[in-house]
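Chemist: Read off the chains here:
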Amino acid sequence: MTAALRIARNSAYVGYAEVLASYTWKSWLFGWLTRVAAQILFFTAMGLLVGGDDLIEYAFIGNIVAMAALMPLGTGADTAWERGLGTLPLLVAAPRSMLPVFAGRSSFYIVQGLGESLVIYALLAPVLGISKDWWWLPAGVAAVVLGAYGLGLFIASLAIRKPRAGNTTFNLVFYTAVAIGGVNVPTAVFPGWVQSLADVLPLHHGLLGLRALLDGDAGMEAFRQLGIEVVVGTFWFVLALAGFRWFAEGGRRDGSIDLVE
Amino acid sequence: MRAAAAAFRMQLSLALRTPNYWMVQISTVPQVILFLSVIDAFDRPDLTTHALLAPTLIAMWGTALWTGGSVVRDDRWGGQIENHAAAPTPYGVAVVARVAAVVVLSMLVVPITLVTARLSYGLDLEVRHPGLLVVVVLLTAAAITATGMIFSSLTILSRAAITFQSSASYPLLLLGGVFVPLELFPDWVQPLGRLVFLSWSTDLIRDAVTEASVADVPVRLLAIVVLGGIGFVAGQWLVRVIMHRVRVTGEISTI
Amino acid sequence: MPAVEVLALRREFRPKGRRRRDPIIALDDVDLTVAEGEIHGLLGPNGAGKTTLVKVLATVLLPTAGTARVLGFDVVTDADEVRRRIGLVFGGDRGLYTRLTARRNLHYWAALYDVPTGATAARVDYLLERVGLTERADDRVETFSRGMKQRLHLARGLISDPPVLFLDEPTVGLDPIASLDFRKLVVELRDAGKTVFLTTHDMVEAEAVCDRVTLIDHGRILATERPATLGSWISRYEWVEARGVDAAVVDRVRAIPGVAGVEPRAEDWIRIQPDADGAARAVLQTLVGAGVTSIRTGFPSLEEVYVKVIGERGMEV
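Residue numbers (my numbering), protein chains in the order written: chain A, 1 to 261; chain B, 1 to 255; chain C, 1 to 317.
Source of the hints: derived by calculation from the structure; they are not laboratory data. A virtual CB, placed ideally from N, CA and C, is assigned to each residue, including glycine. Keep in mind that a hint or two might mislead.
[Stated by the list, open to error] Output of the computed footprint for chain C on chain B, the stretches with three or more beta carbons under 8 Å from beta carbons of chain C:
(1) 86-98
(2) 244-252
[Unchecked claim] Below, simulated SDA-like cross-link-like pairs (lysine to any residue); rule was C-alpha separation at most 20 Å, straight line:
(3) K26(A) <-> I156(B)
(4) K308(C) <-> A223(C)
(5) K26(A) <-> A168(B)
(6) K26(A) <-> A160(B)
(7) K162(A) <-> I26(B)
(8) K162(A) <-> E142(C)
(9) K26(A) <-> S166(B)
(10) K132(A) <-> L114(A)
(11) K26(A) <-> A161(B)
(12) K184(C) <-> G37(C)
(13) K162(A) <-> Q25(B)
(14) K162(A) <-> W22(B)
(15) K162(A) <-> R17(B)
(16) K162(A) <-> T18(B)
(17) K26(A) <-> P171(B)
(18) K26(A) <-> I162(B)
(19) K162(A) <-> A242(A)
(20) K162(A) <-> T98(C)
(21) K162(A) <-> R140(C)
(22) K184(C) <-> G147(C)
(23) K162(A) <-> P19(B)
(24) K26(A) <-> S158(B)
(25) K184(C) <-> P227(C)
(26) K184(C) <-> E38(C)
(27) K26(A) <-> Q165(B)
(28) K162(A) <-> N20(B)
(29) K184(C) <-> V204(C)
[Claimed, not checked] Partial pick of chain B residues on the chain C-facing surface, computed with a CB cut under 8 Å:
(30) R2
(31) M10
(32) G79
(33) E82
Let the hints inform the model, and build the full structure from the sequences given.
Modeler: Written as structure tokens, this is what we have:
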């Protein structure tokens with residue numbers, strides 16, 4: 001366990017270094033952050049056409065949280081990059097499991113998702129005339145981000161085998177979670193089987209809990225929902241463990257690890 | 001032109017093998033559900049056209065910008081720009097044909113959207129003015145091609161352009177009235193939006209589908225043609241800038 | 001009419017940056033003539049300007065001053081005429097659409113080179129066969145080995161059946177067998193009447209394949225030689241290394257006429273550098289006669305030949 005944590009810590013350095021190297025503050029601010037904010041605004045603006053101020057507020061909160069989950073969920077796409085770089089065979093050859101490596105490397109996304117969501121809320125909420133118990137925002141976003149992180153790692157464990165599928169899988173999962181997870185409309189409007197699907201994806205429970213908290217309803221139910229979100233994330237995290245083990249065995253067997261795509 | 005047709009065909013093969021292309025197409029399905037669930041939740045079946053147009057254009061725009069936008073960039077990293085410089089056919093011809101191929105391919109989202117709507121909410125679209133719709137869609141596709149060309153060239157000419165490419169998407173979709181028509185935005189946004197051909201396209205497409213009679217058709221079509229045309233000229237000029245950097249200054253060199 | 005004629009060609013590059021620095025002179029007053037139907041080699045170390053010259057001749061780069069003509073057409077004012085008559089082959093992994101098949105790559109370029117539609121399929125088939133890729137014609141290029149990609153590059157360069165071909169370092173990265181195959185192809189092309197202009201930094205290759213060789217360094221033409229001359233330089237400066245040689249034997253070796261020097265190397269090896277014809281052989285005979293069995297020989301590098309030969313002739317290196 002301590003070995004795993006140590007690996008994770010060192011991998012975290014790699015992750016942080018990569019991300020910091022890929023952005024300049026200008027490209028982050030005017031490129032990435034602007035894109036995130038614009039996407040949130042796009043869906044928030046739906047309220048101008050339908051649903052009025054209620055939808056504006058609902059979609060605003062929902063999309064901020066959704067965008068925070070985007071990066072941790074996207075760790076699946078990350079592994080494809082790693083494979084392309086050719087470092088994957090080296091990782092497999094190292095004696096320990098790969099999960100701590102990926103977990104550590106992608107941990108920066110948790111920080112990024114959390115930080116960006118808070119910044120955007122702070123900048124846009126006043127403009128949109130939205131005022132909530134905003135101090136609950138970090139707790140809610142953190143729960144969702146952890147949930148997304150677990151699922152992202154699971155997708156990563158599948159994606160190493162087929163890196164091209166990784167990006168597509170991640171996109172499909174993300175947009176599905178956004179469509180049915182209570183981001184723009186409550187999950188309750190969907191049929192039962194869709195709601196069940198939303199139950200095992202990130203966003204749904206976290207948003208339920210967060211919305212209650214933001215509305216001043218800081219009771220047991222709200223925290224229970226946040227708890228479920230974390231449990232969902234843990235469930236995917238465990239599946240990720242199995243996934244990475246399966247990859248390592250399978251890849252070693254059929255030699256697919258050396259293929260640089 | 002034969003070369004253009006060959007370039008078009010070649011990019012079709014290439015794009016079909018690009019996972020990112022399929023990613024955008026497949027992700028359209030949940031996007032359609034998203035918009036339909038919103039109008040359904042507020043009981044606004046009259047907004048069906050809006051709800052179906054938005055994911056379609058988002059996907060087409062995204063494909064044009066990213067897959068189309070990488071035509072020149074991929075050529076650069078693949079060492080192809082010099083090969084094109086040595087060929088008798090101008091590079092601008094190959095680029096426009098290849099981006100056009102990507103845009104045409106991106107229109108696969110149209111049937112995907114319609115089928116999804118039918119299967120999920122049992123919705124069908126009845127088009128009042130099919131002829132006009134086809135014309136607008138074609139002109140819009142041409143204008144989107146021009147935009148894709150611009151991004152394609154711009155991203156290898158300027159580092160800032162890469163940043164811009166990421167952040168320009170949704171603002172332009174907003175100004176383009178892709179879901180919420182431009183007229184519902186604050187006054188100060190209107191003039192900005194009118195400079196984006198998308199705002200004219202989306203209004204006209206929605207009218208062509210739902211309105212009994214569509215007003216000012218020639219003027220509005222002209223607006224799309226002019227704005228798209230400006231984009232096309234800009235795109236060709238950028239290719240010339242690239243060739244200048246290859247041939248005269250030698251700044252772009254992949255060999 | 002010469003196939004390629006270059007007069008006082010100059011190409012400068014302005015380095016970017018705030019400080020105004022002198023321009024980089026990639027080609028400096030280059031004169032060169034290539035006769036029709038010959039394989040002409042341009043030999044020089046990396047950075048000598050070989051690729052720059054090829055680019056100018058292929059109309060990819062404009063000259064800063066001077067003129068260049070291909071088959072009588074000026075590369076600047078008659079660029080389109082030149083493009084229709086030349087084929088361009090850059091080496092390496094890049095320059096092909098790897099996600100497409102070999103066949104599709106060729107079809108694309110056939111169209112860009114105005115090969116008539118009716119003739120394209122037959123031409124592509126013919127070229128694929130010529131370069132030995134028929135069996136892999138419908139496989140994606142990303143599955144090809146380096147050697148196969150190089151052959152596809154050549155097929156691409158031949159797509160419009162041009163009378164003049166420019167090959168830039170075509171055998172870089174190829175294993176010896178693939179290189180030999182490639183050279184055979186080049187000779188066949190010459191025998192079929194084409195003019196081939198190829199650049200290389202490998203003297204052995206230049207000697208083996210070319211009808212004439214031009215030496216270039218730092219953007220300047222040093223000389224144009226027959227391959228036999230190159231060959232004599234190679235053999236004259238072929239070095240010999242030996243291990244565990246007694247001091248007495250070393251002295252005898254030093255005394256052999258034509259031995260320029262003996263210097264120690266790592267791990268008890270010594271390197272004997274001859275600089276006259278036949279000296280290497282005498283050295284080997286002496287060493288073997290003295291019972292030395294750890295011996296190896298090698299060809300001089302281009303730089304070493306340049307320093308000796310060009311320096312000898314009093315030309316600037």
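Chemist: Work down the list of hints and note, for each, if the structure agrees.
Modeler: Here's how the hints hold up against the structure:
1. 86-98: holds (count 5)
2. 244-252: Satisfied; 6 residues make the cut.
3. K26(A) <-> I156(B): Distance of about 18 Å is within 20 Å: holds.
4. K308(C) <-> A223(C): holds (14 Å)
5. K26(A) <-> A168(B): Holds - the C-alpha atoms of A168(B) and K26(A) are around 15 Å apart, at most 20 Å.
6. K26(A) <-> A160(B): Distance ~9 Å between K26(A) and A160(B) Cα, so the pair holds.
7. K162(A) <-> I26(B): holds (17 Å)
8. K162(A) <-> E142(C): Status holds; Cα separation ~17 Å.
9. K26(A) <-> S166(B): Holds, at about 13 Å.
10. K132(A) <-> L114(A): Holds: K132(A) and L114(A) sit about 18 Å apart, inside 20 Å.
11. K26(A) <-> A161(B): holds (12 Å)
12. K184(C) <-> G37(C): holds (16 Å)
13. K162(A) <-> Q25(B): Cα-Cα ~19 Å, so holds.
14. K162(A) <-> W22(B): Distance of about 15 Å is within 20 Å: holds.
15. K162(A) <-> R17(B): holds (14 Å)
16. K162(A) <-> T18(B): holds (14 Å)
17. K26(A) <-> P171(B): holds (18 Å)
18. K26(A) <-> I162(B): Roughly 12 Å separates the two Cα atoms, so the pair holds.
19. K162(A) <-> A242(A): Holds - the C-alpha atoms of A242(A) and K162(A) are around 17 Å apart, at most 20 Å.
20. K162(A) <-> T98(C): Distance of about 18 Å is within 20 Å: holds.
21. K162(A) <-> R140(C): holds (18 Å)
22. K184(C) <-> G147(C): holds (14 Å)
23. K162(A) <-> P19(B): holds (11 Å)
24. K26(A) <-> S158(B): holds (14 Å)
25. K184(C) <-> P227(C): holds (17 Å)
26. K184(C) <-> E38(C): The given pair, whose Cα atoms are some 15 Å apart, holds under the 20 Å limit.
27. K26(A) <-> Q165(B): Distance ~14 Å between K26(A) and Q165(B) Cα, so the pair holds.
28. K162(A) <-> N20(B): holds (14 Å)
29. K184(C) <-> V204(C): The given pair, whose Cα atoms are some 14 Å apart, holds under the 20 Å limit.
30. R2: This hint holds: R2(B) lies near chain C, its Cβ roughly 5 Å from the closest one there, short of 8 Å.
31. M10: holds (4 Å)
32. G79: holds (3 Å)
33. E82: It holds, given that the least Cβ distance between E82(B) and chain C is near 5 Å, below 8 Å.
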